[in-house]
Amino acid sequence: MSNAYDTIVVGGGVMGAAAALGLARGGMRVVLCEARGLGMGASGVNAGTLSMQTKRIPLTPYAIRGYTMWKAGGDAVGFRETGSLCVAYTQREADVLNRQMTARRDAGAPIELITEGAARAKEPNLRPGLLAASYCAADGYANASLTGAWYRRQLAEAGGELREHAPAVRIEPDGPEIVVQTTHGALRARRVLIATGAWMKAMSEALGMPLPMRVRVNTVSVTERMPIVIRAVVTHASGLLSLKQAANGTLLIGGAWQGRGEAATFRGEVVPANLVANLRLAQYVLPKLAQAQLVRSWTGFEGQTPDFVPLAGLLPGTGNIYVLGCVRSGYTIGPYIGKLMADLMLGREPELPLFDPARFFGEKAPSTT
Amino acid sequence: MNASYDVIVIGAGPAGAEAAATAAGLGLATLVLDEARAAGGLVYRAPDPGLAAHEPDGNAMRTRLAGSGATVAFEHRVWHVAPIAADDERPARFEVSAVGPTGLVTVQAAALIVATGAVERCYPRPGWTLPGVIGLGAATVMLKSQRTLPGRRVVVAGPGPLAPLVANLILQGGGKVVAMIDPNPLGRWFGAVTGVAKRPGLAAQGGSWLARLVVKGVPAYRGWDVRTINGRDGVESVTLGPVDGKWRPVPGAPERTVDADSVCLGYGLTPAAEIYRLLGADEHYVGALGGWVPVQRQGRRTSVARLYAAGDGAGVEGAAAAPLSGRLAALSAAFDLDRLDASTHERESAATQAELARAARFGSAMAKLVAPVASAMADVPDDTIICRCEDVTAGAVRAEVAAGVREINALKAATRCGMGPCGARMCADATTALMECAGVPFTEIGRLTARTPLRPVPLAALTGTYDYSDIPLPEKLDT
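Sequence lines, in order, name chains A and B. Under the working numbering, the residue at position 12 of the first sequence is numbered 12, and the numbers go up by one with no gaps. When you read off a place in the second sequence, starting at 1, and then add 369, the result is the number in the working numbering.
Worth flagging that the hints you see were computed from the coordinates, not collected in a lab. Accuracy of the hints is not assured; some may be wrong.
Claimed, not checked - Chain A is faced by these chain B residues, among others (derived, beta-carbon under 8 angstroms):
no., residue
1, A771
2, A772
3, R775
4, E776
5, A782
6, P790
7, T821
8, P822
9, P825
10, V826
11, L831
12, T832
13, Y835
14, Y837
15, L842
Claimed, not checked - Stretch by stretch, here's where chain B covers chain A in the computed footprint (C-beta under 8 angstroms, at least three residues):
no., region
16, 27 to 39
17, 235 to 241
18, 287 to 294
19, 351 to 362
To be verified - Among chain A residues calculated to face chain B with C-beta under 10 angstroms, some are:
no., residue
20, E93
21, N143
22, Q181
23, T183
24, L207
25, R225
26, I228
27, V229
28, R231
29, A247
30, V270
31, N274
32, A282
33, Q283
Here a beta-carbon is modelled for each residue, glycine too, at the ideal position from N, C-alpha and C.
Throw the hints in and build the complete structure from the sequences for me.
Okay, structure coming up:
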């Protein structure tokens with residue numbers, strides 16, 4: 001049909017938007033439909049940490065390339081290269097830190113194990129008593145809330161169409177094409193990419209190919225502006241803390257402490273006990289937080305696969321429905337894996353292997369495209 | 370304070386105080402929380418220690434609450450409210466988290482009455498962030514609670530009854546009001562006041578404010594508005610000019626500049642409806658009630674079971690209506706908790722409802738004078754700051770709308786507008802109005818998501834005293 005798009009991307013987080021951008025730049029006629037605004041899910045409300053020290057080892061090469069892409073975004077994405085520091089205060093934490101950071105370094109991440117003295121020389125406001133620390137100079141953060149504005153402008157320049165506030169209600173194969181019914185009319189294309197994060201599970205179920213995903217409800221908090229007390233992104237060996245101070249003086253506190261809520265309703269809420277635990281860990285590491293005012297806490301829905309690596313490839317049993325999603329490292333690797341996905345759909349050889357969803361459907365363990 | 374109550378009332382203004390007193394009077398274990406040192410809210414703001422109160426209504430209200438048997442917790446800032454699902458032992462309930470003088474407080478109740486009042490609506494004008502510019506509501510706090518004048522030569526500006534009230538208080542305090550500015554023409558005032566002639570006392574009250582200002586020889590500019598507030602390090606003068614019926618400057622009309630060292634400026638009241646939003650109650654937009662308000666069912670019930678809406682926070686109806694809506698909410702809560710028989714409930718509620726309808730008439734007439742007027746933002750210059758917490762200008766908002774942003778949360782993400790400590794209380798209406806003026810249909814703009822904490826709280830108040838071993842880190846750290 002003449003009015004069919006080459007590709008419909010369902011979901012306007014960083015992955016869907018980056019894929020749509022790659023497809024548009026590759027010459028495809030592409031439309032992205034998003035239930036709310038671009039970058040208003042986890043891509044827009046995460047803590048913005050770009051750190052090799054928090055990435056799963058198989059994702060290290062993707063994270064290095066994703067980081068480079070955020071860095072290229074510069075001020076438009078609020079990027080700052082600050083370095084990152086991971087800390088441990090007990091022997092158990094120190095053992096984990098030493099083991100994990102060594103493995104990440106072996107996988108190519110430029111991480112160095114440093115002494116307490118070196119760590120506190122970099123960040124004098126850290127609580128003394130560190131039993132281990134590691135540092136990565138080529139780390140930093142971006143401002144996740146700018147994700148939507150960043151991709152909205154780039155998509156417009158590349159000629160990608162955008163339908164915001166147009167939730168996809170049904171995805172129906174129609175001969176060689178696919179029809180995506182949205183609340184604002186039907187879209188037709190030769191292929192569809194589903195990149196709906198925490199909402200992917202329900203969509204895959206509706207297509208008869210349920211993906212085994214869990215939904216996590218992560219909490220992030222921000223303080224009022226205060227004098228500069230840390231410069232690096234600070235994380236904790238448990239993986240349950242990220243702490244950074246933006247140039248404007250506000251401190252952003254994350255660490256994937258759980259709130260509650262249902263992705264289907266888009267409504268998440270903070271669980272006070274978990275928030276307090278998150279803040280206590282942050283204040284333990286950085287005692288000057290005792291002088292801060294908490295301004296806002298919020299939650300974001302994150303889809304999680306059982307094996308903690310992304311979904312990126314053709315949905316088994318279909319010839320033209322692709323899925324793309326991730327967990328934990330999604331923000332960092334998003335721009336890059338979105339581009340790889342676009343390459344795959346454009347018939348180009350992706351620079352690095354993708355992550356075939358077929359592994360969850362009784363086929364051989366992680367095969368790559 | 371106990372760990373659990375039958376009913377918690379948030380806010381001890383006229384609505385909350387009466388709700389709490391009524392609930393306690395019906396035998397319900399009742400807790401009322403408020404940020405202030407004493408009950409009164411904004412309208413009956415209690416004076417600071419050592420200053421005598423001259424609001425007889427406020428004193429009567431405080432006496433009634435104190436003798437009611439309700440537990441009162443002043444200087445408690447509520448920062449989170451959450452529903453707790455029913456379990457084997459207890460039915461569904463609410464959990465309220467607050468920070469008080471002794472630190473973190475968490476209490477539960479079967480029913481929740483929200484009486485959080487209203488906040489000022491601000492339509493920014495160039496120069497409005499200069500020292501010396503304050504809101505009309507803030508001015509009433511200064512004048513009533515601290516007996517402090519906002520300045521020596523004050524411009525008082527804004528539609529509705531608050532501006533004449535503030536001007537009046539300034540005159541009483543020995544200050545000088547150099548100009549009274551009201552974007553509404555005098556005719557709208559007369560229309561509103563005569564519309565409530567069935568309550569002659571209140572009509573006379575409204576009329577007496579006007580009369581008094583005229584007697585004192587205060588220059589009044591009706592159908593005018595503030596154009597710019599001028600000065601280097603503080604207010605030095607105010608430029609004003611005529612506006613049309615939509616509060617837009619009349620092109621080519623002569624302007625006037627008056628010397629002043631302070632400005633009290635406000636464009637009405639917006640219901641403080643964050644708690645309803647946080648709890649997911651159905652909301653609708655009613656301009657005549659001040660903006661987004663919870664959808665109400667019979668007896669001040671909301672769409673969330675055992676969540677009740679009292680006072681101006683549920684829609685601006687004024688101080689006379691507030692205690693009646695509070696009483697109605699408490700009667701409903703008592704009935705819903707099986708603590709009040711059906712016939713008493715019906716009789717008391719009907720009588721209160723009838724009284725409320727009469728009392729709300731004056732408040733509603735006044736509220737119509739101060740309903741949101743989006744076009745008031747149409748001609749604001751691009752370099753005017755809209756969000757003073759984050760220094761976001763009108764031009765930045767307009768640029769994002771031009772780039773395709775249609776919804777206010779996306780606008781917030783793109784510009785930081787509304788991300789600061791005020792929680793967008795000061796800029797949400799102005800931002801919405803700017804987006805409307807830039808061509809976005811109101812229905813697409815939506816409303817800002819409610820966030821925890823409801824007000825900024827000291828982080829140390831939440832964390833308290835603790836050891837590292839108190840932090841629930843998992844046994845297995847390898848992820």
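* Which hint numbers doesn't this structure obey? -> Hint check: 1, 19, 22, 23, 24, 26, 27, 28, 29 fail, others pass.
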